[in-house]
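Taking the hints into account, I'd like the entire structure generated from these sequences.
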Amino acid sequence: MGRYVIRRLLQFIPTVLGTMFLLHYMTSLAIQFSGNPVRALFGDRTPSPALLAAVTERLGYADPCLDQKGNPCFGLFVDRVQNIFFHFDFGINMRQQEVTEMVADRLPFTLKLLVIAIIFEAVVGIAAGVWAGLRGGSFADNLVKISTVFVISVPIFVLGVLVREFVGVKFGNILRDQEWIPDVVASGFFSPGFKPDYPTASLLIPGMVLGAVALATTARLTRTSIMENIRADFVRTARAKGLANKRVIGVHTLRNSLIPVITYLGVDIGSAMAGAVVTETIFNVPGIGRMVTEAARTGEAAVVIGVVTMLVLVILIVNLLVDLLYAVLDPRIRYE
Amino acid sequence: MSDIVLEARDLVKHFPLTRGILFKRQIGAVRAVDGINLQLRRGETLGVVGESGCGKSTLARMLVGLETPTSGDLFVQGRNMAKVGGAERRRGRRNIQLVMQDPYTSLNPRMTVGDIVGEPFVVHPEVLPRPRRRARVQELLDLVGLNPDHINRYPHQFSGGQRQRIGIARALALNPEIILCDEPVSALDVSIQAQVINLLEKLQDELGLSYIFIAHDLSVVRHIADRVAVMYLGKIAEIGTEDQIYENPTHPYTQALLSAVPVPDPKLRGLRDQIVLAGDVPSPANPPSGCRFRTRCWKAQDICGQQEPTLDARPGSAHPSACHFAEVRDVVHARE
Amino acid sequence: MSDATSGGTAVGGTPVSGGGQAPGSKGGKERNASLWADARRQLVRDRVFMLALLYIFVVGSMAAFPKLWTSQDPRACTTDLSRVPPSWDHPFGFDRLGCDYYSHAIFGARPSMVIAIMATGAIVILGGLMGLLAGYYGGWVDALISRLMDIFFSLPFLLGAIVFLTVIKKQNEWTIAAVLFLLSWPTIARIIRGSVISSKDLDYVQAARAVGAGNGRLMFRHILPNAIAPMLVYATIVLGAFVAAEATLTFLGIGLQPPTQSWGIMISAHQNYFLEDPWLLLFPCGLLVGTVLSFILMGDALRDALDPKLR
Amino acid sequence: GGGSDDSDDAGGQSGGELRVYASEPAFLLPSNGNDEPSIYVIRQLYRGLVKYNAETGEAENDLAESITSDDKKLWTIKLKDGYTFDNGEPVDAESFIRSWNYAAYGPNAQNNGYFMKRIAGIKDVTAEDPDGDGPKTAPEPKAKTLSGLKKVDDLTFTVELSSPFTGFPTTIGYSGFFPMAQACVDDADTCNETPIGNGPYKIEGAWERGVQINLTRSDSWNGEPGKPDKINYRIFADVGSGYSAFQAGELDVMYTLPPERFKDAKASYGDRLFEQPGDSFNYVGMPLYNENFKDKRVRQAFSLAIDRQSIVDAVFDGRYSPATGFIAPTFQGAREGVCTYCKKDVEKAKALLAEAGGWKGGKLVLWANAGAGHDAWLQAVGDQIKAALGIDYELKVNLQFPEYLETADNRKFTGPFRLGWGPDYPFLETYLTPVYGTGSDSNNSTFSNPEFDSLMKQGDSAETIDEAITFYQKGEDILAEELPVIPMFWRKEAALYSENVDNFVWNQVSGADYGATSLK
Amino acid sequence: MSAMSTDVNVKLDALPGLDSDALPLEVKDLQVEFRTRNGIARAVNGVSFNLRAGETRAILGESGCGKSVTAQAIMGILDSPPGFVTGGEIRYRGVDLLKLPEAQRRRVRANRIAMIFQDALSALNPVFTVGFQLGELFRKHRGMSRSDSKARAVELLDLVKIPAAKQRVNEYPHQFSGGMRQRVMIAMALALDPEVLIADEPTTALDVTVQAQIMALLAELQRERNMGLLLITHDMGVVADVADQISVMYAGRVIEEAPVRDIYESPAHPYTKGLLESIPRLDLKGQELSAIKGLPPLLTDIPKGCAFNPRCRYAQDACRQDPVPPLYQVAPVRSAACHFWKEVKADV
Ligand SMILES: Nc1ncnc2c1ncn2[C@@H]1O[C@H](COP(=O)(O)OP(=O)(O)OP(=O)(O)O)[C@@H](O)[C@H]1O
Ligand SMILES: Nc1ncnc2c1ncn2[C@@H]1O[C@H](COP(=O)(O)OP(=O)(O)OP(=O)(O)O)[C@@H](O)[C@H]1O
Ligand SMILES: [Mg+2]
Ligand SMILES: [Mg+2]
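Protein chains in written order, with the working numbering: chain U, 1 to 336; chain P, 1 to 336; chain C, 1 to 311; chain G, 1 to 520; chain A, 1 to 348.
Nothing false has been slipped in among the hints.
These stretches of chain U come out as covered by chain G in the derived footprint (C-beta under 8 Å, 3 or more residues):
1. 28 to 41
2. 46 to 58
3. 100 to 108
4. 167 to 173
5. 296 to 310
Quick list of simulated restraints, FRET-style, between CB atoms:
6. G:K343 with U:E98: 48 to 56 Å
7. C:K170 with U:E98: 29 to 37 Å
8. A:D148 with U:S147: 44 to 52 Å
9. C:G121 with U:Q96: 42 to 50 Å
10. P:N152 with U:A244: 51 to 59 Å
11. C:W69 with G:K294: 38 to 46 Å
12. P:E206 with A:R313: 22 to 30 Å
13. C:G121 with G:N449: 55 to 63 Å
14. A:P163 with U:L9: 36 to 44 Å
15. A:G39 with U:L9: 51 to 59 Å
16. U:F85 with A:P163: 47 to 55 Å
Quick caveat, the hints were computed from the structure, so don't treat them as lab data.
Note that the Cβ used here is the ideal one computed from N, Cα and C, for glycine as well.
Here it is as C-alpha cells:
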C-alpha cells in the first residue's frame, strides 16, 4: 500500500510538470501573439511606454522571451517551477495580489460548493440509480433516465439562470413574504445567489445546480452497476440465505455496485471544478473558478498557472484517495 | 530417431515476480514449468494430466510458440526452434497447431467461419494461393464434419461442439503434423464430448497426426492417449504408456489422482480404496524443497525434503517415475 | 469524465476504471457474438431509439441541407423587427436584431453538428488509436501515453478551453472542434486502453497469435473490433455533450462568433429574455436539448443492446 | 424579508445600513483606483478639494477654502482647517502634494498618474523607456517629485501647470486628486486593503475580496455627516446576478442595470427606477490610417446608414440614447443635433458613397473587444450598413481587451472599431482634446486637424469658462463634419432603489451618492 | 445444535399446514418459464420428485436442461423477471412454499432448505469477510450478537475442516483456494441446520482430488445430520458414488427416475442410455465412442412429442407427435418417459 502510494506520488511529477508546461507554453504564446496583458490595465487611456514598462516589469511580464513568437520560454518556466515548488511562490496577479492569497480567500467557497455538489449528486444520483436499476426497463427506470439526461442536456448556464430567477427570485420572494418561514430558508437557502450572511445555506442551491450536471452520469452508472450486480451469484446467495430484500439490496448489492460510482465521483471532482466556472458566475459565488476564468481571459499567466497547478495537485490527490478508498471497498484490490 | 516429431529438453518457464517503485527488480518467480523433458513420436498421442495450475497450459503455450521458454530447447522435427530463424522457424511453427479449451471464447465473434479457418492462409500466404483458399476452407469444414455451405456464418450460430470443430479445422489448415489440444473437451457436455473425441481420432487415422492431449478428465485421456505424462507443480511426476500409468502407477501422486476419480458404476461404491489427499497444491512461486509432492504425500520421509527425485525408472517401477519410493500399489479400477 | 463533457454542460461520463481491474469477473462467455446483429434487431424495435434516430435525422438534414427547410436568409435583419413574436410566416419570430429566428435555427444546426461530429470523430480515431497502442504494447509506450492522458485529463475542461481558445484566437468550427478534441481524447483512450488490456489475452486473440498473426493483424482485426462497443456508446454520449459544450463556450465568449449562426449563439444572446420573450430561449434550447437527448438516448439504447448481460 | 428595520433611530437624519450593489474594485487607493467600482468606494472613504453639486454637476469647494489663479497656469489652493485622516494625521497641503507626487512618480505605476499630466514637471518624474518595448528597462526618472507642486504653508500650496487650463478647478474633484496619509504612502499595499481615509466613512474590517466591503461612519470626519450608519457593498461579478439579488430584496441600491432587464425593471419598480441622461460616449472609430476610410464622404455615408434609435430599442431596451454630438448632453456647452450625419438617411448615404467612388474595401470588418456585450449592437450596425449600402460585413469580436487595445495602439484595425469614452472631469474639454487632438493618447482614429488643435488651445487658455466653451464648440463642429468617429449612443444612467430608501441621491458627475442617500 | 433446531421449529410452526410427518421436499409438476426478448423459454416443463430425510437424490442432465432453474425455483430465488414459476407445487413438509407469503418463505430458506452453488468464488460476496457472511445468518435469523455469531462462524469453519479457522474467518473469499471456498459455501448452507440441502454442481469447478475431498465431506455431514440432499450434477461418476435416487432431466422434464443401481444397469430411456454410453470405457479403447448424435433442443423451440426424438435411434412416428410420452412405470420404484422403454431396457 505504502509503495503504491509512493509510486503514484512519483507519477504525479511528470503529470504536474507536464500540465504546468502546457499552460505555461499556452499562456506564453498568448502573450507573444496577443501582446502584453498589462496594457489592459490602462483601458482606453494609452499609457506612456515608460509607465507601461514599469508596470510590466513589476508584474513579471518583462521576460524578453515573451516578445519572441513561438519561444517556449524555458528559462521562465524553470523560474516558475522553482518559485512554486521551492519557495511556494505562485506569483502575483495584475492587481499585485499574491496568487496564494487569492486562492486562500476563494478556495473555501469553491470547496464548499464542490462538497455540496458531490454530496447532492452522490445521494440523489445513487438513490435514483438504485431505484431505476431495481426496476430495469420499467416506468421508474425510464423516468429516471429521461429526467437525468434532460438535466444534462440543458446547458448549465441556462439551467443556472432559470433556477436563479424562478427558484431564487420568484419562488423565494413568495417565501420571504411568509412570516413563519425562518430566514435561513427564505433568505438563505432560497437566495438567488451566494449571500455573505448565510454563507452555507445560500450555497446549497448553486451546489445542486453544479451537481445536477453529473447527477445523470452517477444515476446511470449506479443503474447499470446495480443491474449487473443484482444478477450476480453472490446476490443469489444472499437471497438463499433468507435475508430480507432490504438487506440483500442495501448490503450485498449496493456496496459492490458503488465501486465504479465512487471512482467516477472521484474523477468528477475535476470536471465539477470546471463546471464551477459557470455556476459561480451565475450565482455570484466568489470562488476560484470564476477567478481563474477571468485570469485566463486577461492573460494573467501567473494566476492561471499557479491556480491550475494547485487544482491539478488537488485533483490528483483526490484521485489517489479515491483509489485507496476503492481498495477499502473492494478487498480484492490490494496495492502492493 | 526420425520418427520423433517433437522433443522438449529441460523446458523451463518462470514468470518473474517483480517489485519496485521506479525500477523493477525481480524478487522471485512463478515456476510454472520447471524442467520438462518430452518426446512425441509420429502418429502418437501423448496425454498430459495434472491438477489445475500445474503448468499444463504453460507447457502447451511454449510448445506452440506463444510463450518463449526461460530456458531449455525445443526441437520440432530435429530443428532447434531457438536456433533457427526466419522462414525456417515459421515453417517449424506451422507444423504445430493449437486447439484451445473453450470453444466459446477461442473464436473471434466478429469473423465468419470462413475468415477464421482461412486466417492461417492470410498469415502464411505462401502456403496457398489466394484463389484456392476458399475451396480449401470448405474442404476443411467438410473434413471436420461441418456443412461447407456454412462458410459465411458466424461462430455464435454454432453449438459448442460445432465450434470446437471450427477450432480443429483452423488448426488443420496449415497441414501440421502435430496438434496440441489444451483441454479440448472440458467445456463440452458429455454427449458432445464424445463426438469431438471421435473426430480427433478419425483425423489422426486419416492424416497421421501426432497429438499432445491435455486434459484433466483422466478417463478421456485414457481413452485417447498412447502414452501419458502426469504433471505436478511444473514437473513431470510420472510418464509411461497408458497401461503403465493406469494399471501400475508408481508415483504416489498418480495413485492418489487415479483413486480420486469417481467411477460411473454404483456397484463399486465403497469398494474402491480411495486416497483423499489433504490440503491444496502448494504455490508454484514457492514450491517445496526436494520432492514437490512431499507436503501431501503419505510416504514422505526425510530424503524427500532434501533430494529431488529424478524422473527415472526405479526398481519398483518399470517406467520413469519421479519418486524415491516408486512402487506399484493396487487400486481398484473402473470397468474391469 | 472529467472530460469534455464536463463542459459544465453535460457530463458524458463513463466509468473510468483504472484500466481493466476486474478480478473475479468471468469474461464474456455469453454469446457476445451475436452482439451486432442482435443489437440491430433490438434497436429497430426500440421505440425510444427510433424516435431519437428520427430526430437526429431531421437535425442532420437541417445541417446538411438548410435550404431544404427554409428559403429565408438568416442574415437579412432589420432592427425594426426586433423580437417580434412568432407568426405564421415566421414560425420562430425574430431575434433581437430582427433576423428571422427560424432560418437562424436551421442554419445554426450546421456549426453545432459539424463541431460535434468532427470532434467526436477525432477523439474516436486518434483517442482510440492512442488507447489501442497503450493497451496493446504496454510498457513504456503505455507509460508515455498514460502520462500524456493524465496531463490533458487533469486540466479542468472549461479552463483548458479558455486557455486554448484565447491563444488560438480564431474561433471557427475547426478550432473549437480541435480544442474539444484535445481536451477529451484521454477519456476515450482510457476506455479503449481498458478494453484492449482486457481483450488482448482473450482466447481468440491467442489463437490468432498461435497461427502466427502479427501485431497489426492482432490489433486491428481481432482486438479493436471487439473493444469498439464501449467506445461507440461513449461516442454517442459525447456527441451530445459536445453539442451542448459549443453553447457553453459561446456563453463564455470563447465560442463561435456572430454573425455566424449557431444554437449556442442563439441561446447565449437571448438568455436574458426568458421572462419577456421566452420563446427566444425556448426554440434554440428545445432544439439543443432534443439533440443532446437524442444522442444520449441512442447511446443508452445502444449500450443496453450491446450488453449481453442485460439481455 | 431582510431590509433595515432598525434604521429609524434619529428621525430624518436616519441611519441604518445601506446595502448597495458593487463590482469588485480594482484598488482602493485614490492614486490607483480609476475604475467605476473602485471610485464608488473611494468617494465615501476619501474627500478632495472640490465636490460636485448633485443637481447641476458644478464644482464646489469641499476641503478647499479657495482655488485661485490669475493666469490659469499657476493655481493657489487654500485648505480648510480641522480635517484629519482616520489615523489622526492632518489633512494639510502636504497630504495633497504627497498624494499627487505618489501618483505621478513613474515607478509607482499608479493608474491615476495619468491625471497629473498637466502639472509642470511631469516629464521628469516619468522616464522614457529608451527602446520602447525592448529588453532594456526604463532608467530611474530624473526627479522624484513634481516641480509644479509647492507647499506655501500648512494649509496652502500652489500648482503650476505646464500650460494654462481654465477647467483645472473642475478636474480636481476626481478621486485621483484625493489626499493620502503618510502612513498610506509608506505602505501602499496595506492601505489598499484597509484604507486610511479622510472622508465621512471608514472601512469596517477588511476588504473581503469578491464578497463585500463594509463601511461605517467615521468619527474623524467633521464635515456634513453621511446619512446611513453603514454602507454594505455587496460585490457581484455579473450584473445579472446583482439584479436577482435586488429583486430578492437583498440590496437597497443598484447603480446600474443589466440592459436586457431594463423594461422589466421599469415595469416592476416604476418610480423607484432612477433614470438620467448619461455621459458615457459610445462610438464607432474610423481607422483613418486605412486607405478606405480616408474620404470623409465614406465616413458620412456609413454614419447616415445607421438608425441609432432602432438599435437602442432592439438591443438595449431603450437604455441608451442616440448620440447627435460629441459632448454629453448633460454637460455645459453641449448642443443638440450637432452631427448632421447622425440621422438615418439611406438615399443621402448612397449618394455620398457614390460620390466618393463607391466602396472598395471588400467585406467590412467591424471590431469590438470580446465578452463585453458589444457584438450585438455592432452586428446591428453591420446589418444596417449591409441593408443600406450593400456592403457585407464580418465581425471581429473575439479579441480580449488587452489585445484589442494593443491592436488600437498599433493601428492595426482593418475597419470601424467600437470604443467608448467617459469624462475624466465635468468639463466639456474632456470629450475633445484627449480623443481627437493630434497625437493624443486616446486618439485611436489618428485624427489630425490643425484647426481643431488650435481651437482647443484657445479654449484651454480662455479667460472665462463661457469664452472657452465657444472655442470648444467650434472644435466640435469640425468633428461633426469630418466624423473621425461615428457617434453612436450615450448610455442612460439607470439606478434602482428599494422601498427601504427614503431619499435617493444621484450626483450628476459621480453617480449614486450613498453617503447622501437616506433610509426610511 | 439440536437445541438450536427446536428453537427454530418453534418459529416455523407458524407455517400453515406444517406436517412434521410429511416429506421434507416434494416437487410436483413444476413449471418455470423465462420471458425474454427472444421469446418465452420454457426452462422447466413439469418436474416432479420427492426427497426423503437422509436420502440423496441426484438430478442429472446436460447443460441447459433446467437443473439449476429447478433448484432456484425450490429456493425461491429465481431472477424474476424474467423467470416465473407458472405452475406446480413445491412442498416442504406438506406446506406449499409457492403459496407462502414472502416473509414466511424467507424464513424457510437457509433455515430449512439451504443451497450450495456451483461457482463458489462468484457465489461469495467479494467485499465482505467470510466471517461476516457466515455470521450474518446467525445475526439475522437467530438475533445473535456480533461476537457470538463470529464465534459460531469459526465453529462452522472448523466443522468443514478449514485449518486455522480463527484467523481465516477474517479473510476475504479471494484469499481462499477453490476447494476452501466451496467448503465455506457448505458451511454457510449448513449453518442453520437445514433439513434439505440442494447442491448445484458443487464440484464441477474443482480438480478431481479436491472434488473427492468435498464429496467426502458432504457425505459425512449429510450422514451426521440426516439431511435430504438434492445433488445436481452432470458427472456420472459422482452420481454413481453418492446418489440413492436419480432423476434424469432432458429439456426441462424428468425423463427417467430410478434408484441408482437400476439406471446404471439398465437404463430405460434412450437418452440415459446414450449418456452412459458416451463415457469413455476401457473395454472400448481404440474404438469410436458412441456419441449421442445431434444437439440439445432450444428451450424456445422444443420439438413436438418427445423432446429427444430428433436424436433418438428408437424414435418412431408416435414419438414425433403430441402428447409428450408420460412417465411409464417401469418397475415399482422407477419410471421412464419413453414409449419404447421396454425395447430400450432390453437392448444392452
Ligand atoms: N502470464 C503469467 N504470469 C504469471 N504467472 C502465470 C502466467 N501464466 C500462468 N501463470 C501461473 O503458472 C502456473 C501454471 O499455469 P497454467 O495455466 O499452465 O496451469 P494449468 O495446468 O493449465 O491449469 P488449468 O488446469 O487450470 O488450466 C499457475 O500457477 C499460473 O498462475
Ligand atoms: N435468468 C435467465 N434468463 C433467461 N433464461 C434463463 C435464465 N436462467 C436460466 N435460463 C435458461 O434456462 C435454461 C435452463 O438453465 P439452467 O441454468 O437450469 O441449466 P442447467 O441445467 O443448470 O445447466 P448447467 O449444467 O449448464 O448449469 C437455459 O436454457 C437457460 O438459458
Ligand atoms: Mg490450462
Ligand atoms: Mg446449472
